[in-house]
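Student: One letter stands for each residue in the lines below.
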Amino acid sequence: MTFHRIACLLAGLIVLPIAAFADPGLIARYSDGKNTVQTIAGSPAFTLRDNESVHPQIGTKFTANYDGSLKVLRRGKYIFTCDGKLSIDGKEITAPVELDAGEHAISIAYERKAGAARLQPVWASDLFIAEPIPASVLSHAKAPREAEDQALIDQGRMIVEEHNCAGCHKNGAQGLVNRIGPDLSNIGGRANAFWIYKWLENPKHFRATAVMPVLLTKEEDRRDAAAYLATLKDTRKRIGEYKHSAQKENEGKQLFSSIGCANCHNDAGPSLTGMGSKTTIGQLAAYLEEPTNIDRSGRMPAMNLSKEEAVALADHLVQSKSDDYNGKLPEGADAKHGEQLIRTAGCLNCHTIDGAAAGKPLPETKKFPALDKLDPTKGCLAENPPEGAANYSFSPTQRQAAAAFLTAIKTVPLISSAPAYEFHRTLQKMNCSACHETDDAKPVSEDAEKLPPLSNVGAKLKREWIQQVLNDRRARVRFWLKTRMPEFGGAVSNVGAQAVAAAGIDENEPKVAINPHAIAQGQELVGANDPKKNPTGMGCVTCHSLREFKPAVAADATRGPELTLMSTRLRQDFFRRWMHDPARIQPGTAMPNFFTDKSREEADLTIGVLWSYASLGIAMPAPKGIKEKKNYILIVTDTPLLQRCQVPDSAGTIVDGISVGLPEMINYTFDADQCIFRTAWAGPFLDMSGDWADRGGNPVRVLGKRFYSQATPPIHIGSPDSNEPRVFKGYELKDKIPTFTYTIGDVEVRERITPLPTGDGIVRTFELDPNNKPVYFTATDDPSVTLTINNGQFKPAQVQKSFKSPDKAAGQIAELPSAGKLTFAVTIRAKENK
Amino acid sequence: MKLSRNLLCVLCVLCGGFFCLPASAQPKAAKSSTLNGGPDDVYHFETLPEPEESKGIEVGGMGWTADGKLALCTRHGEIWLRSEKGDWKRFASGLHECLGLYPGDSKGEVYVMQRSELTKITDTDGDGEADKFETFNKSWGYNGNYHQFAFGLIKDKEGNFCGTLCLAHKPDNSGGVFMGTQKETPYRGCSFKITPQGEFKVLSYGLRAPNGIAMEPNSGDLFASDNQGEFVAVGSIHHLTQDAFHGHPSSMIFKPGWTRPLNTVTDAEWDKMRKWPAILMPYPQMGHSQGCPIFDTVGDKFGPFAGQMFIGDVIDPLIMRITLEKVQGEYQGACYPFMRRDEIKGSNRLLFNPDGSLYVGITDRGWSRGSSGLERITWTGKMPFEMKEMSLVKNGFEITFTQPIDPDSGSNPKNYNLNCWHYKYGRQYGSPDLDKAAVPVTAVKLSADNTKATITVDSLHDRQWIYFLSADGIKNTQGASLRNKEAYYTLNRLRQ
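In order, the protein sequence lines correspond to chains A and B.
Taking this note's numbering, the leading residue of the first sequence gets 1, the next gets one more, and so forth.
Taking this note's numbering, the leading residue of the second sequence gets 1001, the next gets one more, and so forth.
Incorrect hints may appear among the rest.
Using 20 Å as the maximum straight-line C-alpha spacing, the simulated SDA-like pairs for lysine to any residue come out as follows [to be verified]:
#1 B/K1055 with A/I626
#2 B/K1170 with A/R695
#3 A/K627 with B/T1122
#4 A/K736 with B/K1170
#5 B/K1055 with A/N698
#6 A/K734 with B/D1127
#7 A/K729 with B/D1131
#8 B/K1120 with A/G730
#9 B/K1055 with A/R547
#10 A/K627 with B/D1131
#11 A/K734 with B/T1122
Chain B is faced by these chain A residues, among others (derived, beta-carbon under 8 Å) [said to hold, decoys possible]:
#12 D649
#13 T653
#14 W692
#15 D694
#16 R695
#17 G696
Pair by pair, the computed Cβ-Cβ distance ranges are [what the hints assert, rightly or not]:
#18 A/E446 with B/E1052: 49 to 55 Å
#19 A/A651 with B/G1356: 51 to 57 Å
#20 B/D1458 with A/K307: 54 to 60 Å
#21 A/T558 with B/G1356: 53 to 59 Å
#22 B/E1052 with A/W480: 44 to 50 Å
#23 A/T653 with B/S1459: 41 to 47 Å
#24 A/P725 with B/R1495: 51 to 57 Å
#25 A/V727 with B/S1470: 52 to 58 Å
#26 B/G1220 with A/A651: 55 to 61 Å
#27 A/A246 with B/A1268: 57 to 63 Å
#28 A/V727 with B/G1220: 29 to 35 Å
#29 A/T765 with B/E1052: 35 to 41 Å
#30 A/T739 with B/D1041: 52 to 58 Å
Honestly, the hints are just simulated from the structure, not real lab data.
Yeah, the Cβ is synthetic: ideal placement off N, Cα and C, and Gly gets one too.
Using the sequences and the hints, build the whole thing.
Tutor: Here it is, written out as structure tokens:
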């Protein structure tokens, strides 16, 4: 169901067609022993945590049965893997099976037991490597009556959520994702009084897709309410005003059609006619810059506009005026009375007023029955809503759907959290298919800019990245696109998790083996091909950017996303499938298949090398043949790197830090001011931009994952509580690894920190001449590491009765044998790393 | 002008300022009509290739090693050695912002200023790469403020290392606008000496952003530059003498015996205590943010300026020349533009090659568009027509030219356009030009060989006045105009 269908449905214009021949998706039958739900599932996949279910009206223990048709394009031998029982043409599949081209009956039977669960049917053949069975090959002939009923119930739920019925009818249905109304703190700044007055009379007159009801039926009440609302002006923020400029207007017009505004604001979408009679250039521009500050539902997302662009766009939009909204409030308005109305009529069940001038909302005075106790033929859903009810001007179809939902939850209530089910609904609500192709719908306009499809997106992108793309306008990798990926704000904070749940994937990925050899090979592969200098080069840099390096590409159509973000964005399994056959995943892509003349095994080897190189992320060394001047990421390959700089740390910035990055992907910082080994981390080394970019001189950024930090001195000579002054003397390099020298009192200490061969920790080797005084080594109790000492034993610090170490945090202490010359080694091994 | 300067100062406060102004607010330096890039038949100019593997050398210090290589340290903590032939070798890396270097007295040895210490760096195994990094002195405080630079590095006649320490950008203890220091970060705002045994001694107090130090080779006298800001009206050259106070109060807390809270001392009191800068460098004509001074020690190999001081600018595409003379026992003198061209934008460090060429180490350290690199200027042997020196005489100035001047233009007082002004000393950021006035030249007397002109005026101000001479109309005997027509004399004391 597309947004437009919803929009039309909401507007009551058409009846949704259900169950034509060979519709996409399988017929799903979920049952928890008590209730049964039948519906159409685009893809028979889900990942569930303990307390989650496949459908909100089904409990967490359930059976799922899917039936329909599988389209096989070419005859061949197919291998299926599935956590449930998968049958083709009525026969359960347990071994590779020969299938002819054409439609085959498919059914999957799955039983969910307690605990986390996952269903993701996968297939493979001689023609393609294992992949989740795509939704595009699954269909069903005729939906059963129950599924049609359920579709109506689901539409009803959408209506109930979009109109925020639960704003008033607070109880009776858990887990609804309700759409809240805009914040009104600055409504008097954003809209003129007469416009508000007319809007209250009939929101749908201004905008057919409006979900706001008519609440105030008396003309004087609307006048008073409008007068009050017009007083709500946010005085905390200055909003500049702008004069109309023909040039700006024209720029705005261009923007409107190029960046994606028109993809939603088309004939069926929210109308913008008459905007100039509502608001001003400055106010509209301020709104357009950060719309989710006002409309927290995220239905109007931020288009990442600069101030200038927002002004231009606003200038264009306010050129549309409407005589219906030009006028003056009728005489005699009583704003005080208006405030009373706004605060008692139920407005604040959807809207907020946070402005300092308006004070806090009054407690709601009206009481409303719970959702599952409503009579769906009465009140707001009556054909002619009575005085006191909200009048949404619902169409008969809308009333029918809402009634179906409200009736259904009386007997089959919403009892479970069902993120996979929610995912498809979120895509609809946010109208993602206005721009992207999804499993359920595709953009209306044929000539719209081609944007990445969202089909099974949870199997492609990592959860965190999906979330980042939606919430952070800087997380963009296709800078050449004219259409802008908007930022949706807090309303979509679960979408990453929902996408993962809907894809049925296992988020645990195999560990990546990174070694200098693989990195060097990766640098060659990604570099431009040169028969002499770089014969193995695949030429990725012909189309893809890498940090400061931007390829000279003739056409935008052949540009590719930023390489250093590849491993941050993509799931490893997807990368492999993509590399094996890009056109299979995205027909028409400019990304070539590099392995047409190679065996799968050969291809996998190369793809593995590329992935381990890409896994360095922002710390990927430049590909062969690429020279970057202003890349300030320190890249460690096969020799250790040392850098003195300020390193941030939980116990305070290490101002005079000497950091060492080792080829084993282990890094650490020694504090040359305090003479303390302070912190260690795994993965990439340092981003020096803080120190080197612009005026710099600031702390740098630690890349990778920390596994150790200690801010207190470990060595105590003479007694466990001694704390003699420590003085830094310098370091010597051997095999590029420093041996630090410092004095504690009059004892000279040499400390060398080397990697464990296993790559999951470090060894600190000490040499000192304590002049036969006892030496104590203290350490913080750190659950993330294991400490061992080769010349003694760590004991809990409190066992040492006399122990009054200056190291207050010390949890462990080891006493070393008295000696003239003392050598010992402390191993710090990360418990969970690499 | 006044208004815009105030605006710039405000911007500077907001941005936090290097040595002085934010990059975005830099007015474009006036281009000299004679030198604006392109070929020059007097000074040959070339950009030397940077090392292949470098990310751009932002030069913080330069010197000649015992075996005749150019040693150069960078903001990114690298030390590079460049052979005569132009081969680069990375001697060391991973250091913390090196802004001064002394190449050592024996091969394989370099001393370098890092943020937090003076380090002796040695190549003990002779493979051409350093492997030993000894902390030679770590007496001064560094607590992470980006403006806590440590500048240097030269040796004085007694073999002491000498350098200067920059103040932090806030907090300040003296009522200055935004630069200062505190007890926890000692010796910021001081010049220092470190004995060959590694002992640290304060030389003088009262510096602000002293980006470089130089020694006059005959007398052994030490000079440091300072950058415009609070208590520093315009860029200055200070003569560093034991325990002198150069004007910015913050570092006075480190002076033994000092007890007064700095904020109880008035600007007028500080003014009485301070040692005047020997040279004031009018802003912005003589730079925005001066680099490290250096003396011309190559005799007549770099033109007719033997023994004079040269200094670049971190922001402007400008190298300047300075002449010093002692009047009533103290240094003062004049500064002149020497060269303006785009390639030397950010000429932070200068170094004379014994062969007579001048190496220019470039960085603007993020205060401008991010320049880096190494340039070389060689004198072609053609005599430039310049004011070699402007010096003070009893009732005026004596101008020495590098060539005989045409007596007709040279004896006309109208061709000596003289103006004067002075500055306000105090806690405000910089100072506008005050009491600006034209100074009528009443008489001109030429020497017998027409190389000197003595100009007479009715009266002269002392105590930190600028006398700006513009000699547009002066021609040499071939009818050529001066290559650079301006000279700025700092009049501290009068000839008696």
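Student: With respect to the beta-carbon atoms only, verify the hint that B/E1052 and A/W480 lie 44 to 50 Å apart.
Tutor: violated, 31 Å
Student: Need the status of pair B/K1055, A/I626: alpha-carbon distance at most 20 Å?
Tutor: holds, 13 Å
Student: Is the Cα-Cα distance between B/K1170 and A/R695 20 Å or less?
Tutor: Holds: B/K1170 and A/R695 sit about 16 Å apart, inside 20 Å.
Student: Decide if the proposed pair is consistent with the structure: A/K734 and B/T1122, CA atoms, cutoff 20 Å inclusive.
Tutor: Cα-Cα ~13 Å, so holds.
Student: Would the hint linking A/K734 and B/D1127 be met if the CA-CA limit is 20 Å?
Tutor: Holds: A/K734 and B/D1127 sit about 13 Å apart, inside 20 Å.
Student: Does the Cβ pair A/T558, B/G1356 satisfy 53 to 59 Å?
Tutor: holds, 55 Å
Student: With 8 Å as the cut and Cβ atoms as the points, is A/D694 at the interface with chain B?
Tutor: At about 4 Å, which falls below the 8 Å cut-off, the nearest Cβ of chain B leaves the hint on A/D694 intact, so it holds.
Student: Assess, step by step, whether the Cα of B/K1055 is no farther than 20 Å from the Cα of A/N698, and give holds or violated.
Tutor: Given that 20 Å is the threshold and the Cα spacing comes to 19 Å, the pair holds.
Student: Please check whether A/P725 and B/R1495 have a Cβ separation lying inside 51 to 57 Å.
Tutor: Holds - the Cβ-Cβ distance for A/P725 and B/R1495, about 56 Å, lies within 51 to 57 Å.
Student: Within a Cα-Cα threshold of 20 Å, do B/K1120 and A/G730 meet the stated pairing?
Tutor: holds, 9 Å
Student: Do A/E446 and B/E1052 keep their Cβ atoms within the hinted range of 49 to 55 Å?
Tutor: This hint holds: roughly 51 Å between Cβ atoms.
Student: Hey, does the A/D649 contact hint survive, CB to chain B under 8 Å?
Tutor: violated, 12 Å
Going through the hint list in order, the structure does not satisfy hints 3, 4, 10, 12, 22, 23, 26.
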